[in-house]
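Peer 1: These are the residues of each chain, in order.
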Amino acid sequence: MSTQTIETTVEKKPAEALLSKRRKKFLNDPLSDDNPVTIQVLGICSALAVTTQMKPTLTMAISVIFVMVFSNLIISLMRSLVPTRVRIIVQLAVIATLVTLVSEVLMAYQYDMYKELSVFVGLIITNCIVMGRLEAFALANKPWDSVLDAVGNGLGYSWIILAVAFFREIFGSGKLFGWPLFEAIGIENFPTNGLMVTPVGAFFILGLIIWVQRNKSGYIEH
Amino acid sequence: MRQSNTYVIVFSAILTIVLGGLLSLANQGLKPMQQKSIELDTKKKILSAVTDLKGKKGDEILDLYSQTIESIVVNLDGEPIEKDEKGGDIVAENVNIAKNFKKVPEERAYPVFKFHKAGDKESIEAYILPVYGKGLWGPIWGFIALETDLNTIKGTSFDHKTETPGLGARITTTEVRNRYNGKKVFDNNGNLISIFMLKGENHPTKALDEHHIDGMSGATLTGNGVNEMLENYFKYYQGYINKSKNATQKVALLY
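So the sequences go chain by chain: A and B.
For the record, in the first sequence the residue sitting at position 204 is 204 according to this note's numbering, with numbers rising by one throughout.
For the record, in the second sequence the residue sitting at position 66 is 288 according to this note's numbering, with numbers rising by one throughout.
With the rest of the complex left out, here is chain B (with noise of 0.2 Å):
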């Protein structure tokens, strides 16, 4: 009987159905807080482009995320875009930015995070524009924080899925993010530049100018990655740091 063609279909038919609803019925109940710890994962990683989180708890940083980040999402030209094109309203939170990475660029939703003291959305401390590109083994991606002038970077994050723990991974350091704080994007003149990570690493501090970094020994695949993700991007975005640009100097002004 056990042996039967019936028996078997059936007991597998019946194992399927069990399994499957046990699963099922998993997913849906733990929806709600998978979807907050995304939430939370991508908010830790916007905020800790400008600060530091160390010992913060989840609801705090969802607190303080609430307080003092303003998002908007821009297009290629830097113009704000509200809609996406089956006309729903476009979240920055969001927008997955390695979907949109595999648009074109001009058909990408671009968002802009503003950092602002608490309560205060006048007083922007700093543009928090998300990076996304490929690394040696698979995507990288981050968080760069601008200064106000749009050229200063504040704070980095990065991520990545599959660098070698030890020496790509080794992005996601405070040792190596920390390399970029104070480097410019644009020349004096306004050019775009960008940031380029050096091979090999303990370069001496004056063979690093206000474009280049130390690089990751060992790593110099992952930093070309990097370097390449971050030109890429200040290239997006160029369009909105210059409207930006513009606007705040034309404030400047009227003053």
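The following block holds chain A by itself, in its conformation from the complex (with noise of 0.2 Å):
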């Protein structure tokens, strides 16, 4: 009933713009006011395992906006089809179809970037960000906009991988994208860090960033 009235009172008015103000505010929130990552602290693992290069980081943002920009897509297009009672399973199964797919192409065409992430690209499955948009948008919104918020979302997982990907690079093994970054511009042997390449150095980089950006924004946690 109520879907039916909502859709006649749309046809009435003129078309929404394809990116309108209310529509821009999907795209422009998560990269810093709702940030997946630094604000509502998802998909902490993938951003500390696979961020110690900037090529690797670039291949699962890459896989990760894919995944839920089709996953978003899908699921709202069978919104009113879906039983609420298997509403988990099935986000879940189109997940691991797109990610399956994911990994089937990098094994055809990127076979060492494959090897390289091996595990991680599976675990995009698990990463609360992905579910977490279909529990909380797609389910509830028409295709477009849930494509607009898997683009955003995706977005705002991306800079902050690559952001802390860029600094492990540099600090961890002083190349950026693998191209010798200190050799280039002059300093032979430059003392590279190697907490940066583990985890806890993501950690850090992770937690200054989150600093930098509630000093910035003078977001609270309640």
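Rather than coming from a laboratory, the hints here were simulated on the basis of the structure.
Please read these numbers as outputs of a predicted model, since none were measured by experiment.
A hint or two may mislead.
Said to hold, decoys possible - Here are the simulated lysine to any residue pairs, SDA-like style, with alpha carbons at most 25 Å apart:
id : chain 1 : residue 1 : chain 2 : residue 2
1  : B       : K266      : A       : P56
2  : B       : K383      : A       : A49
3  : A       : K175      : B       : K276
4  : A       : K115      : B       : K356
5  : A       : K115      : A       : F190
6  : A       : K175      : B       : L389
7  : B       : K428      : B       : E450
8  : B       : K421      : A       : N193
9  : B       : K276      : A       : A184
10 : B       : K383      : B       : Q257
11 : A       : K115      : B       : G355
12 : B       : K253      : A       : T59
13 : A       : K24       : A       : K175
14 : B       : K356      : A       : Y111
15 : B       : K465      : B       : V326
16 : A       : K175      : B       : E423
17 : B       : K383      : A       : G122
18 : B       : K266      : B       : R401
19 : A       : K115      : B       : A314
20 : B       : K457      : B       : D371
21 : B       : K278      : A       : A49
22 : B       : K267      : A       : V105
23 : B       : K383      : A       : A96
24 : B       : K266      : A       : V119
25 : A       : K115      : B       : N446
26 : A       : K55       : B       : D263
27 : B       : K383      : A       : L123
28 : B       : K278      : A       : E183
29 : B       : K258      : A       : S103
30 : A       : K175      : B       : G277
31 : A       : K115      : B       : L244
What the hints assert, rightly or not - Just a sample of chain B residues kept apart from chain A, beta carbon distances all over 10 Å, derived:
id : residue
32 : D274
33 : Q289
34 : G310
35 : F323
36 : A331
37 : G341
38 : S345
39 : K383
40 : F418
Every residue gets a Cβ at the ideal spot worked out from N, C-alpha and C, and that includes glycine.
Bring the two chains, given one by one in their own frames, into a single complex with the hints.
Peer 2: Written out as structure tokens, the structure reads:
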């Protein structure tokens, strides 16, 4: 009943712009004010595990965005069909299928990356951000809004893990995307920090990012 | 309606069939590419024990491989074998070292990759042997290239599944791999000694003899795993090594 009334009211109004002010919020909020990693503290496991170097981190970021966008889209399209009692399992099945697809494609075309990321691609399934968005957003919103929400949250996750990887690779191995940065600017024997290549290093960087961000935004945990 | 048991069951069944079908389609469609990737990866690992492959593309590597590598499979005694237990042909590149590792040494198939001048099978430059063992957290494996005297190390390449990045995972770096170059497997009397990585790093050069190399600081257990792996596999290949040595000596006597 209720969905029908909303649809009829939408039909009367002129169509909402593809990136209206309301929709831009879906994209912008997760980047800082409602960031899935630094504010909601989700997806920490992979933020610690894959961020030793930029390259695998970038692959991971793209994979997560892909999985999020399509799972949000699919679930949103099916939202009136999914039985409430099995919705979690349905979400899981959709996510798992997409993740397996990513893993198969990586294995075929990026075998080195596939080996390097190994188990962490499969673990996208357990990334709370993906399922969190399905449960909190896609099940109750229209496809296009859900896609925007997924892109926003995916990017919010991506820039954090890329930032962490940036500092970890520079200080941990003195490189950037595998390119010897310090040798290139004339510093031989840069003393790399062993802590940075362990997950502990990621904790420090993540903590610093959260600190800087909350200092700026004035966000306080209640 | 949406909450009834029948609906839930039918919905789940349809979802499973659709998603399952999608996955098997993807798997079938991508299989040729995946197999090519795996093949390329193996051949890359074999070749990287003897040459530097930096900047080479996939097809170039496959070309180089077909021109310079001749592979055979031997048993523990060093006798060449061509058929497996089921009577199928054994291809050295397809021998799964990890699976073989689970069998008793006598039943395993041991591939040998002979690296020769491009197109000339007689002028062998190195023998490349696969090795497999246990690291600290999971399996480690690699390829050891021996000079034609079947004693001196020409090059190594290692890989691992889950060694600690920055510590044990350093076995894959050229810095660590190059420490093996020029070391000897056998002593002057022909007894097997193998090569050992020491505990700790930055040992003075005089502390390292023909059978010992500098270790990796913070990764002694991975180092021990590598030591054990090498010692085991030199033992397993001893049959083949002795046979080949005798053969080359006989050839040398004839001239």
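Peer 1: Of all the hints given earlier, name the ones this structure violates by number, lowest first.
Peer 2: Those not satisfied are hints 5, 13, 21, 39.
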